[in-house]
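Now for the letters of each chain:
2 protein chains.
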Amino acid sequence: MALIRSVFQEELDGVSQSLVDLSKMVSDSINKATHALIDAELKTAEEVISADEKIDTFQHELDARIIDIIARQQPVASDLRALVTALRMSADLERMGDLSHHIAKVTRLRHPEPALPSELRDLVHHMGTVAENISRKIAVVIETRDTEMALQVEKDDDEMDKLHRQLIGSITNGAWTHGVESAIDITLLGRYYERYADHAVSVSRRVYYLVTGKFAS
Amino acid sequence: MALIRSVFQEELDGVSQSLVDLSKMVSDSINKATHALIDAELKTAEEVISADEKIDTFQHELDARIIDIIARQQPVASDLRALVTALRMSADLERMGDLSHHIAKVTRLRHPEPALPSELRDLVHHMGTVAENISRKIAVVIETRDTEMALQVEKDDDEMDKLHRQLIGSITNGAWTHGVESAIDITLLGRYYERYADHAVSVSRRVYYLVTGKFAS
Numbered sequence: 001m002a003l004i005r006s007v008f009q010e011e012l013d014g015v016s017q018s019l020v021d022l023s024k025m026v027s028d029s030i031n032k033a034t035h036a037l038i039d040a041e042l043k044t045a046e047e048v049i050s051a052d053e054k055i056d057t058f059q060h061e062l063d064a065r066i067i068d069i070i071a072r073q074q075p076v077a078s079d080l081r082a083l084v085t086a087l088r089m090s091a092d093l094e095r096m097g098d099l100s101h102h103i104a105k106v107t108r109l110r111h112p113e114p115a116l117p118s119e120l121r122d123l124v125h126h127m128g129t130v131a132e133n134i135s136r137k138i139a140v141v142i143e144t145r146d147t148e149m150a151l152q153v154e155k156d157d158d159e160m161d162k163l164h165r166q167l168i169g170s171i172t173n174g175a176w177t178h179g180v181e182s183a184i185d186i187t188l189l190g191r192y193y194e195r196y197a198d199h200a201v202s203v204s205r206r207v208y209y210l211v212t213g214k215f216a217s
Numbered sequence: 001m002a003l004i005r006s007v008f009q010e011e012l013d014g015v016s017q018s019l020v021d022l023s024k025m026v027s028d029s030i031n032k033a034t035h036a037l038i039d040a041e042l043k044t045a046e047e048v049i050s051a052d053e054k055i056d057t058f059q060h061e062l063d064a065r066i067i068d069i070i071a072r073q074q075p076v077a078s079d080l081r082a083l084v085t086a087l088r089m090s091a092d093l094e095r096m097g098d099l100s101h102h103i104a105k106v107t108r109l110r111h112p113e114p115a116l117p118s119e120l121r122d123l124v125h126h127m128g129t130v131a132e133n134i135s136r137k138i139a140v141v142i143e144t145r146d147t148e149m150a151l152q153v154e155k156d157d158d159e160m161d162k163l164h165r166q167l168i169g170s171i172t173n174g175a176w177t178h179g180v181e182s183a184i185d186i187t188l189l190g191r192y193y194e195r196y197a198d199h200a201v202s203v204s205r206r207v208y209y210l211v212t213g214k215f216a217s
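Those protein sequence lines, which keep their order, are chains A and B.
To convert, note that position 53 of the first sequence is 53 in the UniProt record's numbering; the numbers rise steadily by one, no gaps.
To convert, note that position 7 of the second sequence is 7 in the UniProt record's numbering; the numbers rise steadily by one, no gaps.
Certain hints may be false.
As the list makes no split between identical chains, a pair holds if one copy fits it or if it spans any two.
Once the Cα atoms are required to be at most 20 Å apart in a straight line, the calculated EDC-like pairs of lysine to aspartate or glutamate come out as [to be verified]:
1) 105 <-> 154
2) 43 <-> 119
3) 214 <-> 63
4) 105 <-> 194
5) 105 <-> 161
6) 105 <-> 28
7) 162 <-> 181
8) 43 <-> 158
9) 54 <-> 148
10) 214 <-> 56
11) 214 <-> 194
12) 162 <-> 10
13) 54 <-> 119
14) 54 <-> 10
15) 24 <-> 68
16) 54 <-> 28
17) 162 <-> 185
18) 43 <-> 156
19) 105 <-> 143
20) 54 <-> 159
21) 54 <-> 113
22) 155 <-> 46
23) 43 <-> 68
Note that these hints are calculated values from the structure, not bench results.
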């Protein structure tokens with residue numbers, strides 16, 4: 001019995017490690033997507049686009065593994081909840097990869113022109129940094145189950161919302177001179193960064209709930 | 001044994017029925033959200049916003065029920081896959097409710113002004129109709145496991161993508177006279193309808209895969 005439990009525990013740890021790996025993959029992806037966007041770098045954008053396939057494959061394999069563990073181990077309610085939560089976290093992380101991919105596609109679409117007007121580069125760079133930091137933090141939250149850090153993630157998301165409002169404000173303040181096509185690009189890019197942070201918050205809240213049995217917000 | 005199997009089968013049917021109910025709730029929601037948007041009707045928009053809470057509660061209860069079934073029945077691999085798929089479908093449907101809610105919030109934000117310029121009302125009404133039809137179809141797909149209808153859903157989504165491109169084209173064709181704020185609203189509204197259809201396709205594909213063991217696209 002002790003042996004079986006220990007194999008199962010190893011499998012649970014393996015799932016947790018894969019979620020950490022996936023968080024790191026999407027963190028690298030948003031980092032590169034932001035750099036490609038800021039510097040109008042086609043090659044980096046292409047790398048993000050092809051890395052997204054690897055993220056998708058990694059997630060599908062992880063999900064298959066989780067379902068297989070549930071089928072073989074027939075876990076008790078609390079372990080089952082942890083495994084179902086892992087499925088939901090992997091879906092959030094996969095979606096974060098998609099959003100990096102969407103950002104890279106805007107860069108590719110507008111190349112060799114930059115998709116961003118030069119006066120918005122600093123602001124979007126800031127959004128990219130917050131997005132990357134928030135996903136680096138959720139890797140730690142998943143690995144260590146640090147509930148303090150899970151609460152920090154909520155604050156980072158508030159920061160993202162503030163930057164997002166600033167971005168939309170920069171289009172609607174009456175001084176916009178870059179036309180409606182660029183306004184559409186910026187609106188969508190802002191939405192992608194905001195959603196990226198939302199999914200990170202979702203992951204963080206799921207861990208918080210698993211550990212404490214309470215909602216983080 | 002036959003009795004236990006039959007109770008389990010009833011539980012599976014109950015889950016399926018709840019997914020059908022949830023599809024109908026979100027179909028009603030997108031219908032109302034579209035009418036509120038087209039006619040700048042605040043009261044209807046408010047109804048969509050408060051209905052979204054009911055959708056969320058319904059989904060949480062359904063998910064808890066599914067996890068409880070897995071814990072108690074310890075289903076074999078194929079039944080387990082069906083239950084895990086049900087969790088994913090409920091997440092897609094809940095998100096569709098969120099998107100109706102987002103559309104209603106744009107209507108509320110701009111009220112008493114209409115959020116849509118009059119020349120775009122027909123096009124957006126068309127998008128709303130496609131969105132509603134697609135979610136009515138997935139209710140049937142879930143209930144009957146009709147794979148032909150699941151393939152029709154793919155075509156409806158192509159139609160949505162075409163309408164979405166038309167919508168964006170109407171902003172970028174050089175004749176846009178409604179300013180950037182309105183361009184932002186239209187960009188986000190277009191994105192919400194497009195994502196709504198994407199999630200419906202996702203539900204439909206999950207049923208198709210459960211039934212045939214193959215991918216629909």
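Status of each hint after checking the structure:
| no. | hint | in the structure |
| --- | --- | --- |
| 1 | 105 <-> 154 | neither (28 Å within a copy, 23 Å between copies) |
| 2 | 43 <-> 119 | neither (23 Å within a copy, 40 Å between copies) |
| 3 | 214 <-> 63 | between (25 Å within a copy, 17 Å between copies) |
| 4 | 105 <-> 194 | both (17 Å within a copy, 17 Å between copies) |
| 5 | 105 <-> 161 | between (23 Å within a copy, 17 Å between copies) |
| 6 | 105 <-> 28 | within (16 Å within a copy, 34 Å between copies) |
| 7 | 162 <-> 181 | between (24 Å within a copy, 18 Å between copies) |
| 8 | 43 <-> 158 | neither (32 Å within a copy, 30 Å between copies) |
| 9 | 54 <-> 148 | neither (31 Å within a copy, 31 Å between copies) |
| 10 | 214 <-> 56 | between (31 Å within a copy, 18 Å between copies) |
| 11 | 214 <-> 194 | neither (25 Å within a copy, 34 Å between copies) |
| 12 | 162 <-> 10 | neither (41 Å within a copy, 49 Å between copies) |
| 13 | 54 <-> 119 | neither (34 Å within a copy, 43 Å between copies) |
| 14 | 54 <-> 10 | neither (24 Å within a copy, 39 Å between copies) |
| 15 | 24 <-> 68 | neither (24 Å within a copy, 32 Å between copies) |
| 16 | 54 <-> 28 | within (13 Å within a copy, 38 Å between copies) |
| 17 | 162 <-> 185 | both (19 Å within a copy, 19 Å between copies) |
| 18 | 43 <-> 156 | neither (30 Å within a copy, 35 Å between copies) |
| 19 | 105 <-> 143 | neither (31 Å within a copy, 37 Å between copies) |
| 20 | 54 <-> 159 | neither (30 Å within a copy, 30 Å between copies) |
| 21 | 54 <-> 113 | neither (28 Å within a copy, 46 Å between copies) |
| 22 | 155 <-> 46 | neither (32 Å within a copy, 29 Å between copies) |
| 23 | 43 <-> 68 | neither (38 Å within a copy, 48 Å between copies) |
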